[in-house]
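Make one complex out of these two single chains by using the hints.
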Amino acid sequence: MQRFRRIVAALALAATATTTVTACGGDDSGDDSGAKTLKLWHYEGENSAMGVGWDRAIEIFKTEHPGVEVRFERKAFEQIQQNAGMIINSSEGPDIMEYNKGNATAGLLSSQGLLTDLSDEAEKRGWAGKLSSSLQTTARYTDKGVMGSGKWFGVPNYGEYVTVYYNKDLFDRNGVPVPTTMAEMTAAMDTFVGKKITPLGMAGAEYPAGQLFYQLALSKADRTFVDDYQLYKNPVDFRADPLKYGADTFADWVRKGYVAKNSASLKAEDMGTAFIAGKTPMIVSGSWWYGRFKAEMKANWDTFLFPGNTLNAGSSGNLWVVPTNSRAKSLAYDFIDITLRPEIQDLIGNNGGVPVAGDPARITDPKDRKLIEDFNTVSKQDGLAFYPDWPVPGYYDVLVGGFQGLINGSKSPDQVLDTIAKPYADGVKEITGK
Amino acid sequence: MAITITGAPPRRPVRDRHHRGVSRWVVLAGVTIGALVMLVPFAFMLLNAFKSPGDYSSGGPLSWPTEFYTRGLRTYWSTVNFPLKLWNSALIAGSVAVLGVVVSLLNAYALGIGRVRGRLWIVGVFLLANMLPQEALIYPLYYVAKEIGLYNTRLSVIIIFTVIQSAFGTYLLASVLGTFPRSLLEAAALDGAGKWTVLWRVVFPNLRPTLAVLLIFFFIWTWNEFLIPLVMLIDNQTQTIPVALASLQGDRLMDAPTTNAGALLSLVPAILFFLIFQRTLARGITAGAEK
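Same order as they appear, the protein sequences are chains A and B.
Going by numbering that gives the first Met the number 0, the residue at position 111 of the first sequence is 110; the numbering climbs one at a time, nothing skipped.
Going by numbering that gives the first Met the number 0, the residue at position 197 of the second sequence is 196; the numbering climbs one at a time, nothing skipped.
Isolated chain B, as found in the complex (with noise of 0.2 Å):
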């Protein structure tokens, strides 16, 4: 894997980058045209989030804010009780990321290296859990949390994202360890490894860039999460963001300025989290192309 690049033989040196043609240049704009693209529900959020309630409903959605309004953020902070909405989903995600990781690394161990009989029918199931649509989950979720005690607790949503998250994760670690180069493992094994020993010291060292891609795919996925923490967490006190903005829809009328100084408030410490771990993302992401 990572010690095949160092052996590449030199190519041929290339004249100057910037002398490729055009093409360059036509990629190029049109990878601007498409972030700006993508840009643009955000700065419709921003605009918004900054303009009165009665600014927005006389001047639209698109006009420019008249004065610099941060009421909606102060409202919103201080209604959901921001902080401790953050701390549930951060525990929540957090938790998650991490639990999901270790099962999906767990299982796929066994699935992708221990060769157990039947492993395809197995991966296949997973991939159907992984399929399956919340909604028809939610009922037998709810009634085993009841009648086990954890309904309306942050652990009961742990469980199930850990389940679910995981499912995914045991079905891709499964087929990236089928691949897994054998005489590596017989390498190991020659030198006395036992299968814990062989787990730590070399499928998780070369699967790690794949595992820190999991870990943070699964933390923004459980953060994003609205259907089962709204069933599951019923008291503010356990709630998470995405329930907390929800609270701004009422029934028949909608507070959007309010909505989005939520949304953006919301936003935000996902894209620092995405920010920090960037790198990791990148690196895991060519991880597999090296091969």
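Chain A extracted, bound-state conformation (with noise of 0.2 Å):
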């Protein structure tokens, strides 16, 4: 009995513990300017666009600063996703890591007081001048945590954003002309409906279906929208346009026939693999599935801007933070600024990456160039408009199982945007505290 009030006493103590552990993040701003090793961590493929740019980064980083050690580690998504909040707070983290970007993480670490502030370098070193404005969303954080404006956190080297990946041979085979607007779009998958081919590959069990339904209220949807719904601007009526357009029109496609009833339970990955094995003509989803496209796929294929949105899902890629903790700081802004130079930009760019300061004309490759180009459209013109998963923790669920619920047909668009709509509500209060 003693010790069981020993453990309870233990385990009290440590939930107390957890509460204050993060307040003290350490204000060592010291001067590290001796530093002699590097420690450098990011969860990159070592062959993707990523991975490939960053390995000559850490060259050059060597040839500039001999006599620097780098220490460099690849992690697992997972590890960092999981405790990114645990590593940095100790002494044994990273001098400078590649983070996830929104508000969940890097926004969450950033109050906690666990990330340091960039801004003077950005301002120093160019960087706000490289990062369009709304690439700059995700860099910023107030003190609140919430992305947009404040200072800034960290800084992206690459930009995803969702667009339209379709087989060129299915569509001569079909003889259906690429679509540039929406009439087109529908008159194409209208072709393929009647040859008995499902137009668009869908996963409902994942973000795909989310993302299409987020496309959809796009192309009816402004800048101010964006802003109320992702920023908590103003309250979201999600009973009137733009929301109620988008959950409409998905529901209308899947009642023509567009997007698969059975595909309500299939996951991302299987949307891709259909792709790949030139099952499906079209899918809309992000520019992380390029590269793999790319390598494995034996058809021929193309992409286009989804037809008529000026704003797209999207957003800057993943983020280089510098933790509080980190002991070579002064290093790690030099490393930042490697990965910013167009050498890198273009090596991103020339491995089917999206660089966030590219510059398409020296990309070889048409349909890297093509990607790029498009991006650089959707960024130039603000039309980034981040995803819909993003604005309140644990949304992504919520989406999942309204959207599986319209594609299964056991809920009508009204239905879907009521059960979507209250945790959103609930969610925004939370964060907002309004």
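Be aware that a few hints might be false.
From the structure, some residues in chain B lie toward chain A, with a derived Cβ separation under 10 Å [stated by the list, open to error]:
| # | residue |
| --- | --- |
| 1 | Ser51 |
| 2 | Tyr55 |
| 3 | Glu66 |
| 4 | Ala144 |
| 5 | Asp190 |
| 6 | Gly193 |
| 7 | Thr196 |
| 8 | Ala243 |
| 9 | Ala255 |
Honestly, the hints are just simulated from the structure, not real lab data.
We put the beta carbon where it would ideally sit given N, CA and C, even for glycine.
What follows is the structure, encoded as structure tokens:
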């Protein structure tokens, strides 16, 4: 019994400690110019565009900083996603690392004082000038950790956006031209349906359904809506356009057979492999697939921007962040600066990535160039609208549940909108306190 | 215990053991089907481990590979530095298995034979500790490890799992030792054996098969642990195999063939370990049945 009490006491003590531990992030912004090692972590694959680009950046860093040892480790995404707070709150963490953008990740850590304010460096080294304003949104966070304004806590190297991938061979064989407007797009899908081919790949169990809904809604939206929805500037009415239009059109597409009813339970991986195997003429999904399609797909394929949209789901990629406990901050800044140089940015572009400050003219592969030009088009017209599940924590599962109901026909568009409206309102209230 | 079986009187001779009717064959068929069903996931893993990513994406997981593709295996081996992870896993699981068994035995000796006051409660607490989800423990463990300078060391994981595993071991062994024949202990006491001698000369030899099974279980359980090593071991130098395997899974993309190849490689040591100690396992399971 004695021992039991002691265990309970120990647990209670530890639980109270957890609430205080994040507060003492440490203020040692002392001079670290003498640092001789740079501990660098990221979680991009060795052969991915970013992996290749950053390997080169490390080489450049080494030649420019003789005598400094770079201790690079490739981490598991899962590990950083789950433990970043614990890791960088200890003395064992890295001096610079890649981290997920968004309120729930970089925003949260910045509000706990675990990340270094990069505003001065961004100004001094001209990073601010290289990134368009919709890219900067995910780099800057307020004191509460809400993205969009405030201090710089991260620097993105690459972008991502939702686009349409299409199978050229299937289009040619069925005599379908590449659509440039929404009317042409539906006409194209009608043709495929007429030939008993489901035109649009879908995966109801994961992000693609929510992103298609968002794309459709964005076709009727402007920047004010995005600011309201993502940055809580004003309350959002789910029963009105553009969200209503998005849900109605989605339901319409399901009814017309553009989207298969049985795709409600599919995963994004299933959607992707079906496209690679040449079974699906089109998918609406993100640029993160690009490298894989390029490496694995045998049929001819290409991309086009979602027709008619100025706004598109998309954002900057993950960020370079410098933990408050970093012991080599000035070296970390130097490294970030190298990754934004044209040489590295072009390298990312030439390997199938989407550089944030790339020059399309220096990208050799025409398909790569198209991908980057499209991104630059979106980015320049301030068209990155982020992702539908971003605004509140746990919203991803809400969206997946809602749109599964829409795909398999168990819910009407209005019912779906009601299901997703309440968690949104609750979540926003929790964040803004209003 | 083991003595009783030699004294058993010979039973009536059974006719021929192959002539016991149809039920035998039904059972055999059932077991065969069960075994095949259990093997299906492994077959898929094996099939996909030797498939190129393009092949997997266009043909799906069920198709026969068009070429014998071993780059997945080689990539996994070199990118995660597999020998190092193997050493880490073996060191951690091995230490935990041995230490866990020793601690369990000492605890159970005190509780089962020593008859400590309130032992029922103590055993209950051990059971409770065993049932606590690891997620609830993770932050306190992290905090303590950080404060005493053990964060990101293999020693921290060894200590944590020794405690967790021995909680189960203590619970199990204490119940086993509760029924330990008192006459044996009294006889030893009459011969002038102290507590220490009784433990090593009387209790330990009789428990050996059970302890061997515990050792194997502790090893395999610790080998497969994911969450605590993921949190506590943040350096690539200290990580274990399951954590290394997780590094193949990206943010939005997965590489199924390489993951399969990695899983295959990671499974081999555990299978080897099982094959080597399988006889001990079988002996330990039947050890209790003879009473």
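Quick rundown of the hints versus the structure:
Against a cut-off of 10 Å between C-beta atoms, the interface hint on B:Ser51 holds, since the closest Cβ of chain A lies about 8 Å away. Interface hint status for B:Tyr55: upheld, as the beta-carbon distance to the closest one in chain A is roughly 7 Å, under 10 Å. Interface restraint check for B:Glu66: the shortest CB-CB distance to chain A comes to about 14 Å, outside 10 Å, so the restraint is violated. Because the closest C-beta pair between B:Ala144 and chain A is about 9 Å apart, less than 10 Å, the hint holds.
About 34 Å separates the beta-carbon of B:Asp190 from the nearest beta-carbon of chain A, more than 10 Å, and the hint is not met. A hinted interface residue such as B:Gly193 counts as satisfied when its beta carbon comes closer than 10 Å to some beta carbon of chain A; here the least separation is about 26 Å, so the hint is violated. For B:Thr196, the interface hint is violated, since its Cβ never comes within 10 Å of a Cβ in chain A; the closest pair sits about 28 Å apart. For the restraint placing B:Ala243 at the interface with chain A, the shortest Cβ-Cβ distance is roughly 8 Å, inside the 10 Å limit, so the hint holds.
At a threshold of 10 Å, the smallest CB-CB gap from B:Ala255 to chain A is about 8 Å, leaving the interface hint in force.
Checked against the numbered hints listed earlier, the structure breaks hints 3, 5, 6 and 7; every other hint is satisfied.
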